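Q: What follows is the residue order along each chain.
Number of protein chains: 2
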Amino acid sequence: MKASQFLISTLKEAPADAEVVSHQLMTRAGMIKKLGAGIYNYMPMGLRVVRKVEAIVREEMNRAGAVELTMPVVQPAELWQETGRFDKMGPEMMRIRDRHGRDFVIQPTSEEVVTDIARQELRSYKQLPKNLYQIQTKFRDERRPRFGLMRGREFVMKDAYSFDRDQTSAKASYQVMAAAYRRIFDRFGLTYRAVAADSGAIGGDLSEEFQVIAATGEDAIVYCPNSDYAANIEKAEALAPTQSRPAASQPLTQVPTPSKTACADVAILLGVPLQQTVKSIVLATDQLNEQGEIVKSQVWLLLLRGDHEMNEIKVAKVPGLDQGFRFASTAEIVEHFGCEPGYLGPLTLQKPVKLVVDREVAVLADWICGANVVDLHTTGVNWGRDLPEPELVMDLRNVVAGDKSPDGQGELAIERGIEVGHVFYLGTKYSKAMNATFLAEDGKPAFFEMGCYGIGITRLPAAAIEQNHDERGIIWPDAIAPFTVVLCPITPDRFPAVKEAAEALYAQLLAEGIDVMLDDRGERPGAMFADWELIGVPHRITIGDRGLKEGVVEYQHRRDTTATKIATTDVLAHLKGQLGV
Amino acid sequence: MKASQFLISTLKEAPADAEVVSHQLMTRAGMIKKLGAGIYNYMPMGLRVVRKVEAIVREEMNRAGAVELTMPVVQPAELWQETGRFDKMGPEMMRIRDRHGRDFVIQPTSEEVVTDIARQELRSYKQLPKNLYQIQTKFRDERRPRFGLMRGREFVMKDAYSFDRDQTSAKASYQVMAAAYRRIFDRFGLTYRAVAADSGAIGGDLSEEFQVIAATGEDAIVYCPNSDYAANIEKAEALAPTQSRPAASQPLTQVPTPSKTACADVAILLGVPLQQTVKSIVLATDQLNEQGEIVKSQVWLLLLRGDHEMNEIKVAKVPGLDQGFRFASTAEIVEHFGCEPGYLGPLTLQKPVKLVVDREVAVLADWICGANVVDLHTTGVNWGRDLPEPELVMDLRNVVAGDKSPDGQGELAIERGIEVGHVFYLGTKYSKAMNATFLAEDGKPAFFEMGCYGIGITRLPAAAIEQNHDERGIIWPDAIAPFTVVLCPITPDRFPAVKEAAEALYAQLLAEGIDVMLDDRGERPGAMFADWELIGVPHRITIGDRGLKEGVVEYQHRRDTTATKIATTDVLAHLKGQLGV
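Chain order of the listed sequences is S and E. Numbering-wise, the first sequence is residues 1 to 581 according to our numbering. Numbering-wise, the second sequence is residues 1 to 581 according to our numbering.
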């Protein structure tokens with residue numbers, strides 16, 4: 001491609017609403033152009049990246065035996081009503097009515113439609129397993145779209161759905177996809193982790209997220225540097241403490257802690273380690289009647305160490321909290337604790353609550369908690385002496401760096417990531433809801449065992465940039481760069497030899513199948529280099545008159561700080577070496 | 001691809017709602033699957049065809065210097081309000097509101113968005129000409145979606161938009177696209193015509209439709225078998241008659257024609273040629289005030305020969321009718337003619353009307369028309385004698401087969417076609433409405449001269465089938481077949497040599513880059529052949545045990561009535577010859 005035939009449009013300044021670096025750089029590099037909140041034009045430069053991502057995904061999905069189809073963007077509501085998701089899904093799902101008043105949705109995913117296809121087309125166990133996928137536009141009406149392609153409203157997703165005859169086969173299909181995803185992410189040339197994720201009500205370990213590692217990532221990833229263990233923070237287990245509880249050594253004492261509502265402040269005031277303090281989190285569950293009205297509520301008290309954070313996914317697995325819970329209202333808190341939030345604790349309650357204790361709290365002695373009186377905390381609290389031994393002791397917290405790895409291979413570390421892929425074993429959730437069956441080997445109808453597998457096609461470039469950029473702009477991995485090589489002739493209008501050499505090299509690289517851009521715009525060298533550093537083409541060849549007279553051109557990788565002189569006769573071989581082709 | 005890894009799903013019967021052969025065959029061949037009215041899943045077999053169409057279009061668009069981008073499916077209403085199309089477009093345009101109550105449209109085309117991009121990105125004449133295109137999902141909420149992919153609601157279109165500095169350059173850009181379209185349609189391997197189409201208010205000849213010829217086509221195409229002349233029926237000019245008007249030879253006579261309201265019936269009753277009769281068509285135009293209320297109406301009488309059809313596009317160019325017209329109401333007709341429709345004519349009016357006469361009527365003598373009395377016609381009517389010489393004489397009719405070709409190269413013929421592409425010079429319609437300017441060479445802002453260029457990507461396969469099918473199914477041209485070659489081993493489970501030979505040939509063809517399908521499903525030969533004839537793969541190789549023992553396999557093109565024996569050693573060479581590679 002020659003620049004004069006293309007559309008190159010770079011900006012010095014990022015738009016004011018671009019909060020993250022990928023959004024800033026994609027806009028400045030002319031890759032995307034905002035049309036509305038969370039809605040972007042993929043400009044020619046950006047579309048090239050998206051197409052390369054798509055091509056890699058498609059190749060590996062096909063290699064893994066998946067079959068591509070396309071399901072409509074606009075889908076009739078009926079199927080979504082079968083699974084109940086038409087009503088259950090929030091306003092993120094865009095609903096429309098056609099001219100005849102029929103309801104439709106703009107697809108946020110396609111479980112319903114693909115299950116409808118399967119129940120009609122996959123009639124016999126002989127046709128299984130089958131994995132159907134599409135690379136298609138999706139829409140989610142995010143309340144607050146932001147971060148450019150990271151959390152847009154209209155986006156492209158690769159969504160695949162596997163159909164199997166039984167759990168064993170479904171798990172094998174899942175593993176085929178998990179392996180394909182590793183090949184896909186390897187080919188992208190990004191640093192990533194496949195992390196265990198929560199599999200919700202289904203249980204088991206068949207849920208993995210593919211996280212591109214980036215300091216700016218929204219997700220916390222837990223991993224063990226000595227092993228393969230990796231999980232997202234929701235999923236990562238905090239092992240039961242191995243130490244036993246020390247004996248009580250302090251008397252129960254009430255100490256004034258004026259205006260100190262946070263454990264950290266209390267610890268500083270009292271000169272004790274934060275690990276000695278305990279925070280109280282008050283939840284509530286509601287019992288509803290058939291009309292959906294609250295008949296009865298139950299208040300729960302969760303105790304966690306002051307330095308730990310509650311993990312909602314784990315809390316949602318506590319017996320009694322697993323049907324949904326909410327934070328208690330101030331009125332409920334006052335009713336049960338006789339005190340407003342900030343100084344709460346498990347001692348001296350007004351009304352009984354259900355107590356759930358994190359494993360680490362259960363092994364504390366002489367701990368500190370609120371006294372249920374404003375500006376007052378209690379120190380020297382001890383299980384068995386000051387309150388009964390805890391009955392419900394569970395893992396309620398997020399792991400922290402330094403915790404033991406669940407696989408026993410060392411200590412956990414935490415880094416940030418951007419979720420770009422997800423493989424998930426669905427079981428029969430959708431096939432049962434939609435009565436999707438096939439004839440099993442025994443001649444009887446059986447429900448499909450399903451899995452679903454997503455990759456955020458248009459999110460991936462943003463994640464790649466969050467991971468790979470510097471102050472000058474984007475640094476693309478070769479595999480998904482808009483162009484692999486850019487040729488920069490210096491003032492070719494003044495030096496016919498430069499123009500000629502650039503055109504000749506361009507033709508030569510094209511003939512070798514190298515994705516090359518010739519910048520024939522005639523820009524000043526500084527502006528030209530700045531453009532290509534912003535756009536992030538990984539390999540640059542600069543052709544100047546002085547160099548040509550010496551028989552050299554200059555090669556510079558986007559990550560190099562200086563250029564290397566290469567004999568004009570060696571350029572192709574050098575480039576091929578750099579590209580690994 | 002092996003059939004066992006793919007999704008093949010053929011049906012014996014077409015669905016009841018499939019009115020046209022392409023809809024029937026695409027459904028039966030498992031290429032599309034209806035999800036709702038006018039909304040289809042592109043099943044794996046159909047998607048392969050769509051992808052091949054896309055690839056050819058993309059290659060030729062790129063070759064012609066166009067640059068690909070993608071504009072969102074969901075577009076904010078604001079831009080559509082700038083051109084007034086948000087209100088002007090009917091219910092075909094799907095409108096939605098997001099969770100914040102903002103209006104959006106699902107794109108039916110993208111003139112507004114691309115013009116918005118141009119006015120921001122193309123700032124100088126130095127960046128022009130530029131042609132931006134996308135291959136993207138569109139939605140039109142047709143009142144009565146039907147004919148499968150021929151008139152669906154959700155479909156994929158390639159839409160390109162050119163931006164030029166002046167008319168000369170815009171016309172050159174138009175010609176580049178018109179030439180690219182010829183290459184594209186040549187590559188599809190279909191019989192087509194590029195026909196001149198009406199260019200609406202803009203005038204000039206820069207509007208061509210690309211019509212795939214098919215007996216079932218919705219459009220009438222006029223062409224000259226001796227030349228390149230081709231136009232759609234709306235556009236094709238009926239040349240002025242060369243004969244002069246004969247002298248009057250009959251007296252004006254009123255003849256009873258009880259219950260004969262159609263010219264054809266009158267001609268039969270009176271034993272005269274239909275060409276001697278004249279039909280009266282009564283139109284009306286309205287003058288509106290600022291409130292949009294009708295202030296005054298004018299009634300028009302159009303006279304056409306009894307054997308001719310009125311052409312509404314031509315009528316809309318008559319001075320005075322060019323701002324819109326309607327058919328007159330019965331009340332208006334009775335008021336002016338003193339008679340209800342069926343026996344109308346230009347003589348003895350109650351109130352004056354504006355008269356417009358087709359060129360062929362102007363040269364008639366002794367003609368027949370209604371007498372403005374029920375059950376009565378007038379014969380022997382003559383211009384100048386019975387009524388004044390006509391003042392407004394124009395081409396008002398559709399041409400008919402046998403008319404002289406406008407290029408003087410012989411007589412016109414008419415055939416049917418399916419419009420699959422359109423190239424159109426837009427001028428400054430959108431750039432003026434959206435104030436889209438660039439800095440011209442003289443330093444002043446100038447409006448972009450635009451063109452737009454569409455190809456119905458998902459309509460093309462349907463048109464190809466309307467043109468290429470027989471009683472057994474589809475017959476794909478090589479370029480867009482879902483698979484180019486199918487290998488059909490006969491009972492490979494019983495004959496290991498057959499299975500082995502089929503696998504070996506499959507591997508060999510794959511290695512040659514031939515898009516080959518190996519049917520390894522183990523179906524009975526009859527069912528297997530029926531499937532592939534229905535699906536329409538153009539080249540079939542049958543591998544049987546008996547043949548192998550003789551050292552041959554059988555080759556059959558989908559259009560062949562019998563198979564040809566080919567030595568196993570010659571198969572590749574034979575196939576390459578057939579494929580022209």
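These are computed hints drawn from the structure, not numbers from a lab. The structure displayed is predicted, hence computed values, not measured ones. Watch out, some of these pointers could steer you wrong.
Identical copies carry no separate label here, and so any pair may be met within one copy or between two of them.
[Said to hold, decoys possible] Straight-line distance between alpha carbons at most 20 Å, and here's what the computed DMTMM-like set of lysine to aspartate or glutamate pairs gives:
#1 K126 to D493
#2 K429 to E54
#3 K565 to E550
#4 K171 to E503
#5 K2 to D515
#6 K2 to E121
Q: A separate judgement is required for each hint: does it hold in the structure or not?
A: Evaluation of the provided hints:
1. K126 to D493: between (67 Å within a copy, 16 Å between copies)
2. K429 to E54: For K429 and E54, the Cα distance exceeds 20 Å both inside one copy (29 Å) and across copies (36 Å).
3. K565 to E550: within (10 Å within a copy, 65 Å between copies)
4. K171 to E503: Result: close neither inside a copy nor across copies, 54 Å intra and 29 Å inter.
5. K2 to D515: Answer is within: at 11 Å inside a copy they meet the 20 Å cutoff, but 32 Å across does not.
6. K2 to E121: For K2 and E121, only the inter-copy Cα distance (18 Å) is at most 20 Å; the intra-copy one is 47 Å.
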